[in-house]
Amino acid sequence: GQSLEQPSEVTAVEGAIVQINCTYQTSGFYGLSWYQQHDGGAPTFLSYNALDGLEETGRFSSFLSRSDSYGYLLLQELQMKDSASYFCAVRDGTGGFKTIFGAGTRLFVKA
Amino acid sequence: ETGVTQSPTHLIKTRGQQVTLRCSSQSGHNTVSWYQQALGQGPQFIFQYYREEENGRGNFPPRFSGLQFPNYSSELNVNALELDDSALYLCASSRTSGDNEQFFGPGTRLTVL
Numbered sequence: 006g007q008s009l010e011q012p013s014e015v016t017a018v019e020g021a022i023v024q025i026n027c028t029y030q031t032s033g034f035y036g037l038s039w040y041q042q043h044d045g046g047a048p049t050f051l052s053y054n055a056l057d058g059l060e061e062t063g064r065f066s067s068f069l070s071r072s073d074s075y076g077y078l079l080l081q082e083l084q085m086k087d088s089a090s091y092f093c094a095v096r097d098g099t100g101g102f103k104t105i106f107g108a109g110t111r112l113f114v115k116a
Numbered sequence: 020e021t022g023v024t025q026s027p028t029h030l031i032k033t034r035g036q037q038v039t040l041r042c043s044s045q046s047g048h049n050t051v052s053w054y055q056q057a058l059g060q061g062p063q064f065i066f067q068y069y070r071e072e073e074n075g076r077g078n079f080p081p082r083f084s085g086l087q088f089p090n091y092s093s094e095l096n097v098n099a100l101e102l103d104d105s106a107l108y109l110c111a112s113s114r115t116s117g118d119n120e121q122f123f124g125p126g127t128r129l130t131v132l
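Line by line, the protein sequences are chains A and B. Here the first sequence is numbered in our numbering, starting from 6 and rising by one per residue. Here the second sequence is numbered in our numbering, starting from 20 and rising by one per residue.
Hints are computed from structural coordinates only; laboratory data are not their basis. Because the structure is a prediction, the values reported are computed rather than measured. Among the hints, a few may not be true.
[Stated by the list, open to error] Far from chain B, some chain A residues (derived; all Cβ distances over 12 Å):
| # | residue |
| --- | --- |
| 1 | T16 |
| 2 | S32 |
| 3 | L37 |
| 4 | A47 |
| 5 | N54 |
| 6 | G58 |
| 7 | E61 |
| 8 | F65 |
| 9 | L79 |
| 10 | M85 |
| 11 | S88 |
| 12 | R96 |
| 13 | F113 |
[Said to hold, decoys possible] Label-pair restraints from in silico Cβ distances:
| # | chain 1 | residue 1 | chain 2 | residue 2 | range |
| --- | --- | --- | --- | --- | --- |
| 14 | A | G46 | B | D103 | 22 to 32 Å |
| 15 | B | H29 | A | Y75 | 30 to 40 Å |
| 16 | A | S74 | B | P80 | 21 to 31 Å |
[As the list claims (entries may be wrong)] If you want the footprint, here are the derived chain B segments under chain A, 3+ residues with CB under 8 Å:
| # | segment |
| --- | --- |
| 17 | 60-69 |
| 18 | 74-86 |
| 19 | 119-128 |
Positions of the beta carbon are idealized from the N, C-alpha and C atoms, including for glycine.
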């Protein structure tokens with residue numbers, strides 16, 4: 006089957022850098038995505054990694070190591086509005102296309 | 020906003036009833052995926068439709084079924100509702116089935132009493 010693990014909560018101060026890790030187990034791995042979800046809102050796509058390495062999009066970066074079945078999301082220059090839940094999600098091609106989400110990491114940004 | 024719309028916003032049903040939820044995909048998108056999200060959990064993949072055909076399914080029983088129409092809008096049908104079906108149901112569209120960026124609608128909050 007498929008499984009993903011990420012920390013349940015992370016707290017950081019405004020202006021700081023925070024890293025949210027994700028380890029996964031899946032048989033038909035295509036790539037790793039990250040989504041942000043504010044309370045009461047819908048998930049919003051942040052990034053996708055299919056190959057090893059770092060992808061940078063503004064203040065957010067995402068990293069993937071396929072050999073380690075590991076990835077992380079790096080948020081720089083934290084702002085209060087970054088307080089939200091962050092989900093890693095695996096794109097799996099076993100028996101058709103599936104996107105499997107982790108349980109999410111709740112990020113609290115303090116002033 | 021993503022341009023993905025869902026209806027209704029909220030719904031209350033009783034155990035054993037049937038429900039139909041609707042989703043209009045973003046313009047230019049031919050793929051729709053449905054997810055169930057319980058409070059405090061990540062979205063759980065139900066199934067994906069690509070050009071009116073189901074092309075991926077998660078670990079949900081057959082009483083969860085769907086349709087996609089020629090205009091790529093979609094329906095999720097749940098029969099014989101159970102209390103545990105109470106959740107937020109999200110649909111997400113993407114340009115094509117191989118595209119990794121999904122655009123989520125606001126969801127339908129289903130309560131089963």
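Results for each hint:
no.: 1; hint: T16; result: 17 Å, holds
no.: 2; hint: S32; result: 14 Å, holds
no.: 3; hint: L37; result: 9 Å, violated
no.: 4; hint: A47; result: 4 Å, violated
no.: 5; hint: N54; result: 9 Å, violated
no.: 6; hint: G58; result: 16 Å, holds
no.: 7; hint: E61; result: 16 Å, holds
no.: 8; hint: F65; result: 14 Å, holds
no.: 9; hint: L79; result: 19 Å, holds
no.: 10; hint: M85; result: 22 Å, holds
no.: 11; hint: S88; result: 16 Å, holds
no.: 12; hint: R96; result: 6 Å, violated
no.: 13; hint: F113; result: 15 Å, holds
no.: 14; hint: G46(A) <-> D103(B): 22 to 32 Å; result: 24 Å, holds
no.: 15; hint: H29(B) <-> Y75(A): 30 to 40 Å; result: 39 Å, holds
no.: 16; hint: S74(A) <-> P80(B): 21 to 31 Å; result: 29 Å, holds
no.: 17; hint: 60-69; result: holds (count 7)
no.: 18; hint: 74-86; result: holds (count 4)
no.: 19; hint: 119-128; result: holds (count 8)
The earlier numbered hints that this structure contradicts are 3, 4, 5, 12.
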